[in-house]
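Asker: Each protein sequence line maps, in turn, to chains X and S.
Per numbering that gives the first Met the number 0, the first sequence starts with residue 0, numbered consecutively.
Per numbering that gives the first Met the number 0, the second sequence starts with residue 0, numbered consecutively.
One or more of the hints may lead you astray.
Unchecked claim - The calculated lysine to any residue pairs, modelled on SDA-like cross-linking and capped at a C-alpha distance of 25 Å, are:
id, chain 1, residue 1, chain 2, residue 2
1, S, 75, X, 91
2, S, 75, X, 107
3, S, 75, X, 67
4, S, 92, S, 135
5, S, 59, X, 104
6, S, 75, X, 96
7, S, 92, X, 91
8, S, 134, X, 200
Said to hold, decoys possible - Far from chain X by the CB rule (all over 12 Å, computed), these chain S residues:
id, residue
9, 129
10, 144
11, 185
12, 225
These are computed hints drawn from the structure, not numbers from a lab.
Keep in mind it's a predicted model, so treat the numbers as computed, not measured.
Don't be surprised by glycine CBs; every beta carbon is placed ideally from N, CA and C.
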Amino acid sequence: MGIDMQFTTLFQQIINGLSLGSVYALIAVGYSLVYSILSFSNFAHGGFLVVGGYICYGLLSGLDVYGYFTIPPFNIWLAGLNALIGAGFIAVLTERLAYKPIRERTSMTLYLLIASMGVSIVIENIFVIVVGGRFRALPQDIFQDVFAVLEKILGFFGLQSTREGSSHLFNLGGNVTVSMFDILSLIVAVLFLGGLQLFLRRTRWGLAIRAAACDLRTAGLMGVNVSLLIGIVFFVAGVLAAIGGIFLSFRYTLYPQLGGITTKAFVAAVIGGLGSLPGAVVGSLILGLAEMLSTGFISSQMRDLVVFSLLVIMLLVKPAGFFGKQISDKI
Amino acid sequence: MTPAAAGSLLEARNIHVSYGAIKALQGFSLSLNEREIVSVIGANGAGKSTFMNAVMGMVKRDEGDVFLDGKRLSRKSYRVVQSGLSLVPEGRKVFAPLTVLENLQIGAFPRAGQGNIAKDMEWVFSLFPRLKERKDQLAGTLSGGEQQMLAIGRALMARPRVLLLDEPSLGLAPIIICDIFAELRRINEEGVSILLVEQNARQALLLSHRAYILQTGRLLKEGVSSDLLADPEIKEAYLGTKSR
Ligand SMILES: Nc1ncnc2c1ncn2[C@@H]1O[C@H](COP(=O)(O)OP(=O)(O)O)[C@@H](O)[C@H]1O
Ligand SMILES: [Mg+2]
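Next up, chain S with everything else stripped away, as it sits in the complex:
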């Protein structure tokens, strides 16, 4: 276990998940400190989404526990959200027939009207001004990049302590990816800890403080992101330095 694990904000220990005979996660552990950005990098099928869903209580864990502030997280996903974790799912999953505004409102569901929701809405609009312009439009009519912004804004409306993102760069143009990652840094600077899962290793390593490399359900390597960026093995397998 890394020294960072002691007293960390979020800690996942020895997570095992299987889908029938397929063992998708075989004892993966991870920790995230307050105000930190941590990324999990892995190829398609490595088990990244499974890990995020296991943390959120969306898939059943065969083994392993998740702790927030040292307290064991519930296995019921609505309770996980209530305790301060918000996931931006893979493929964005905005509610297409609802308006942008309604998508943001549903994000605030776990707060049951507590706190200043209007103020947080303004905060989200300040992060993503394009959402404000389109607030009465149906979410399904937004472009891919705008939908990703909406999915992030929606997750932020729950006022999470940890924002989890499952491949936010998926299917987006490079310039939009840069925009979105810049906003993620800003969100982090405002005090939200971030756990990011990516196939796009370069972007993820550039953004995060620390990273874990996941390979077929197991940890391959972990460390400070800048070290991993320079690691020859990682360079070859995940950054495609040789081929590109």
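Same shape as in the complex, but just chain X:
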């Protein structure tokens, strides 16, 4: 294989890496947001992602609840919207039932961490019991309509689209092709992360959240209803996790342990600097790129090794991560 071929692989894997990284970013940002406010690692975050994935899957295929009532199949827009709201709601519920009682009794965040591990196990097993542990494939064909719109838009910029079997591809010139699905997940991630940024920078509650990330107690002294603020933060984290969950179920498959992939988002958040949102995004992109480049040039078995080596190196060289602040002024 020549230099040309190498270059094609490089380019292709960079795009794949960015796409995967952007999905990690959705998960890592929500996780980091919660961490920035409550200073604990919410291990139930992966559960929110699974909730989103299953709601979307269930609504896409139509539900038959033990013969009592049936729900006809939804289109992807409605199924997705319900999944996001549902996961956001479950995230808020988790906080109210499992974390709030602890928060009100102690300021030791270790208890929250342990509770979140418990919640994560509970969510996983609820799905094992209710829908079974089977792997479920979600066909990317469901995005037909969306792809058609994307094809038009990108066609406008002179980009050729092709099909290979059931996958929709784009020709970026040369032999470089990118799947439409990768582009879609990249676009959706950018839209939601941009929306979050606007919310945090331009709104009254966004400012309150940034203040709370600096000092939750003092934010309460500013007349902010801290309980409501935490609810909003969990809702946002749940929504972002659900988007990640939906894209991951289409990319791989959906199963009750899919939430385990959040480990990657944790790693990304640590590399970027725990609690820092830009850090979470940068860390996620680095991780996505590292995974895809090692898949392309070494082997796909090596990707997790590369990911965790990155984590170890980062912890040794710069323990606070790229954007990490001192504990006294974390954001």
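Position chain S with the ligands against the provided structure of chain X, taking the given hints into account.
Answerer: Same frame as chain X, but now just chain S with the ligands:
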């Protein structure tokens, strides 16, 4: 109860607070009249911060109630702020990663955009012109004195009826303390009632109309500030006249 308690603006009655086995406040009461400056003086660990936090709903009261205009205050701190009390916390607690402007904006949070926030911002800038010069700077880069000004300005942005200050002189140079206390007098003259808690007894007594002396969670003495300044017992214990 003092005569001043009748029809006062803010009244705290028989406040008890404990942290586990530690009884930090054991039945402390206080009243503040409209347009008055009242100070609470006490040594380190006397329970001053605990009292302020108990009023604001930041720590749980075992017993006791707080009234504003005769109406019982909520125990939820965001509601306390909404009803017109703003605390400048001990150690200033400005939001270091936010700009000076953002710190002031968050102060106006309970108003939900009501009233003329821009006008109040100008008022704060007229009180503390240095904040205007530094409005786009991160609060964490300000000096201690400037951070104290910012913390006061931030509390004023809520347009409080009562401004509560927890040791505003802490860790500041004497000349800065004078500046800040002069501004507090001006703020009071513009109609804001002030409840001040201090270890720096001399400054507090010079500024306030009346004062309460707090000792290990209980009232030791109360009275008109100028009388307390002249009181031999107070002089010895809190003003350090003998040693200095
Ligand atoms: N969070 C806390 N947990 C346990 N004890 C506390 C806490 N805060 C204050 N105390 C104790 O309560 C007493 C009063 O403290 P504080 O109100 O901070 O006093 P002051 O502000 O007058 O210095 C002290 O004995 C202090 O050690
Ligand atoms: Mg104190």
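Asker: Determine which of the earlier numbered hints do not hold for this structure and return their numbers in increasing order.
Answerer: 3, 7
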